[in-house]
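Combine both chains into one complex, guided by the hints.
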Amino acid sequence: MHDEPPPRRCALLLAAATTPALALAGNSLVDAGRPVAVAHDTLTVTPDREWNKLGWRPGLRCDRWTLDGEALNAVTFCGAIESGRPMFREVSKHDQPLPHFSTTMLLTDVPDLVEKSYRIALGVSLMTIDSAEPAQLDGERAIRFRYTFTRQDEEVERHGEAVATIRCKKLYWISYEAPAIYYYARDLESWRRLAATARFR
Amino acid sequence: MSRLIVRLALALAAFCLPLEAVAARAVDLTLPPFVSAYQPRTAAERGIWMQADEDERQLRDSRLLIDDAALNAYVRHVLCRTVGEERCHAVRLYVLRVPAVNATTGPSGAISVWSGLLLRLRDEAELGAVLGHEFAHFEQRHTLALEHRRLGATDLTAWAALVAGGAAPLVRLIMTASTFSFSRAQESEADSLGLRFVAAAGYDPRRVAEVWARQMDEADARAAGHKQRSRRYDGVHLLSTHPTDLQRMTALRAAAATLSSGGAIEAAAYAAALRPWRAAFLADQIKLNDFGGTDYLLGQLAQDGWSEDLLFARGELYRQRGNPRDLVAAADFYRQALALDQRHAESHRGLGMALLRGGEAEAGRAELRRYLELAPAAGDAAMVRALVS
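The listed protein sequences derive, respectively, from chains A and B.
Mapping the first sequence onto my numbering, position 103 (from 1) lands on 103, and the numbers just tick up by one.
Mapping the second sequence onto my numbering, position 200 (from 1) lands on 200, and the numbers just tick up by one.
No lab work stands behind these hints, which were simulated from the structure alone.
All residues carry an ideal CB built from backbone N, CA and C; glycine is no exception.
The reader is advised that the hints may include incorrect statements.
[Unchecked claim] Just a sample of chain B residues kept apart from chain A, beta carbon distances all over 12 Å, derived:
#	residue
1	P33
2	A37
3	V98
4	D155
5	H237
6	A254
[Said to hold, decoys possible] DSBU-like cross-link-like pairs, simulated, lysine-lysine; straight-line CA separation at most 30 Å:
#	chain 1	residue 1	chain 2	residue 2
7	A	K93	A	K169
8	A	K93	A	K170
9	B	K227	A	K170
10	A	K53	A	K170
11	A	K53	A	K93
12	B	K227	A	K93
13	B	K227	A	K169
14	A	K169	A	K53
In isolation and in its complexed conformation, chain B is listed as follows (with noise of 0.2 Å):
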């Protein structure tokens, strides 16, 4: 009888899935209208923007906040390009350095972009992608109004616990199903009206599916690293509150499809702002233990060609692995990376380490006396110069 129950329960449950959301239809480019300046109408929307008040608070002060006027005011174009200017001044950017895929919007306007996601974007077109989404969370008060989803669902569920007795379970489950199943919805919507935006704006709609295609090259590559199996082909999870990424880039293409080929992609500019943010970036994502979709990453960031700091990070990446195959291509990196630049330090200091892990210590030991030359007050010059001494 509970096996059935239970079996009941999932069909109407997969019944709640957003189906029509990864159906391809055709895109309306028309904008709709937009409202500013929304004020919350009941206590608990109240509530909802005394709490989306104070997370902005912590946010605007946050000690992984990126105060660099430039890239903000470069993000905030974009936003403004893509979404247009009336929109765009009703929101606030907030850039963080995590080195996370992510970016999020709040109830009253605030929308942050980690670095990790900057990292991974090629161009304006892209970002401008992921901006018009996290807009359109905003636009179409989608927060609101999973939360009232969510009060409606509990609602009914403490009714049933207290009129349908056994059926109860039955309910509940029906109805946080429901709940995910809306909040995938909302994702979908976001990414339909944020395409809108891309085109609207005359940047090229095909890039759009692309940030999701590399989304699960690159899962396949962490996962291929840690030995375990691609999720890519993975259903929908009954409890997932976004569709898969195949769902999305599948629909997205269709969507883009639809529309007029060409557009801008703005690869340079967006390249030339983030440039002076890359090495740290990387930086940050050599450290997340994460070999395989690192190189990964590495390498769709290196397909108009291998710079010095590519090299640099794909040195350190293999490096701190540390097989002794690995030390030996780091230091092939290292050298490729010194080949372009000879006086970068990080270079030398990098392959001296790998050259005197692999057994060749003298050969190490000159390569970082060329680093304390070139950067004699660094941070641990005092261990390096005890281990060439």
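If we strip away everything but chain A, and leave its shape as in the complex, we get (with noise of 0.2 Å):
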């Protein structure tokens, strides 16, 4: 039989255990109903449902939203990446640097990129565009594209649907991913709701 330590002391070793997990990963709630400015303040997006704030972001002008978990389905907001920089933070600058972003691209181009950077950043070795479609955000002309991949560390396969433009000679990039397996098709329209939600700043 095991004594069972009082209620205070639990509270106390369950917030020692976690305040430094909270301070460092800097996640927060994202409220249903009001615009909320994403992409380095770049866009704004009207939530119809809760979602959460990852406090890790792929890149400086980047950011990570997600119901479940990241691993389970994410939403990527980058916003006004100028010429000559890559989507996302380098992994490996002097072995393997990022591709980067060309104002001279067309919108098809767009789906390279995303792959080049995929493979690196995320160590991808298998992936494919499965299909690419004229869309709009915003009024602007833009590419929708899907995609498939699979990170040689952890073998899951995974899904994508994103929108990209270019504006002002500055790309323009959403995302969602999740595995392929239920995730996917679970929450692909409340992704397709937000991102039509997207404006410009």
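Shown next as structure tokens:
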């Protein structure tokens, strides 16, 4: 038989264990129903349900949201990426530099840029761009593309859908990714509703 | 005082380097006796085996696994020809779609070969050398020996921390250097035994060192592309698990020079086996953002002439870098590919995109219309239609 610690001690232990993690993560709740600035304040979206904003950002001009955890569903907003800049943080600038966005790119070059960035930044070994079609992002001519990828270190097949546009010589990119099994289909409509509310600031 | 200790430690660690590994020695072609189905004997070995079994289960179910029966049969055929029928059935082979130059061996006999390596090899003799090297790791039970060495070093370091006081960091450094030195010696031993397998199988042993020569040239091209210096002549690092490419090439060239020249190469058979996969492996390579290394690789693959898949890949490489001069060069490569095969839809697409991006809108749209005629159900057909309309 084990002695149970008093409730107050439990609470203190819990607080001690979780406080450093919370301070490091800096995750926050995103309320439904009001516009929220994302992608380094270059876009706003108006969610119709609660989302979680992750403290860790994949790039200086990017934000990442999730419903159930980054590994299960993740939405990424990147905005106003200038010519000569990568989409994400460099992981090994010396040995494996990320590709850079260029103002001379066509919209059809963006999926290639994303694929090259993923292969380096995420260690993706398998990736296919499954489809690409014209779309609109707040009235701007855009490209919507769907893709499938598998990271070498986890071997989970993920699907993704992204909308990208080039506006005033800067790249804007929002995407949704989730495991191909169950989660992608389940949350696809939530992401599409969210993406439809995207507005330039 | 601390500086003196560091100098002393580095001197001792340098003493641990396997200098004999790069010395040229005459090669004895007699293969060692083979004992199959080794069973782990100690608790540590049983633990290693259990982990190896789990790793192999993951490898078998990996999404990266290329399950093409013909390609797998060919790689196994080369392994069996290299090491002999009796030996080759003791291991399992896994071909993985990973665009990096690597092959691995588990302690219980799971050998993986990565697609980036297959793309770079030129013939069966070179593949035999790689497989012979990996098999040598298995046959010599290198993983077990290295693990025993690590455990011994850890024990000694722990005891030193207890009884040696201030000298403990020095002991730890020496033990660490010694373990990595041991790993490099194992690699050299596997190179040596791999060369013996290749020679005994009747393949040309002089091909083996060329794999490393090209690796260094590609690394130089990659470094130049990234505006970095060549590391070809860098010495071996204290914590390197492998000798440098230059050391390996030098040792293999010297050892092969003691053998009779000639032997089978089987370049045509190798090219035929890789043909169904080469375009896919090239596409993976193009996406690595390694312009210098990839351009060098394409040039090497085109030594016997530029085929349509190599020209298309080069067009993609230049178009995706996208400088104005690159777009002109890319358009030229796509046109050369189309001269060899007018119905290569992807080359029409690439040419159209390069022309559009280079400002030749009407000519670009014409190429994209041709792409849509040839590939109306392509995944990006809707987007391309929007570009041409």
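Status of each hint after checking the structure:
With a minimum CB-CB distance of about 38 Å to chain A, B/P33 clears the 12 Å threshold, and the non-interface call stands. Once the 12 Å rule is applied to beta carbons, B/A37 is consistent with being away from chain A; the minimum gap is 30 Å. Consistency note on B/V98: stated as away from chain A, yet its beta-carbon is not over 12 Å from all of that chain's, at 5 Å minimum. Look at B/D155: its CB is around 31 Å from the nearest CB on chain A, clear of 12 Å, so calling it non-interface holds up.
Interface exclusion of B/H237 from chain A stands, the closest Cβ pair being 15 Å apart, more than 12 Å. Against chain A, the non-interface label of B/A254 holds: every CB pair exceeds 12 Å, the least being about 30 Å. Restraint check: the Cα-Cα separation between A/K93 and A/K169 comes to about 24 Å, which is no more than 30 Å; the hinted pair holds. Only pairs whose Cα atoms come within 30 Å are accepted, and A/K93 paired with A/K170 is accepted, the gap being roughly 22 Å.
Our distance criterion of 30 Å between C-alpha atoms is met by B/K227 and A/K170, whose separation comes to about 26 Å. A C-alpha spacing of about 24 Å is found between A/K53 and A/K170, which places the hinted pair at or below 30 Å, so the restraint holds. A C-alpha spacing of about 27 Å is found between A/K53 and A/K93, which places the hinted pair at or below 30 Å, so the restraint holds. With a C-alpha separation of about 12 Å, the suggested pairing of B/K227 with A/K93 holds against the 30 Å cut-off.
At roughly 27 Å between alpha-carbon atoms, B/K227 and A/K169 fall within 30 Å of each other, so this suggested pair holds. Among the hinted pairs, A/K169 with A/K53 is consistent with the structure: their alpha-carbon atoms are about 28 Å apart, no more than 30 Å.
When the structure is compared with the earlier hints, a violation turns up for hint 3 alone.
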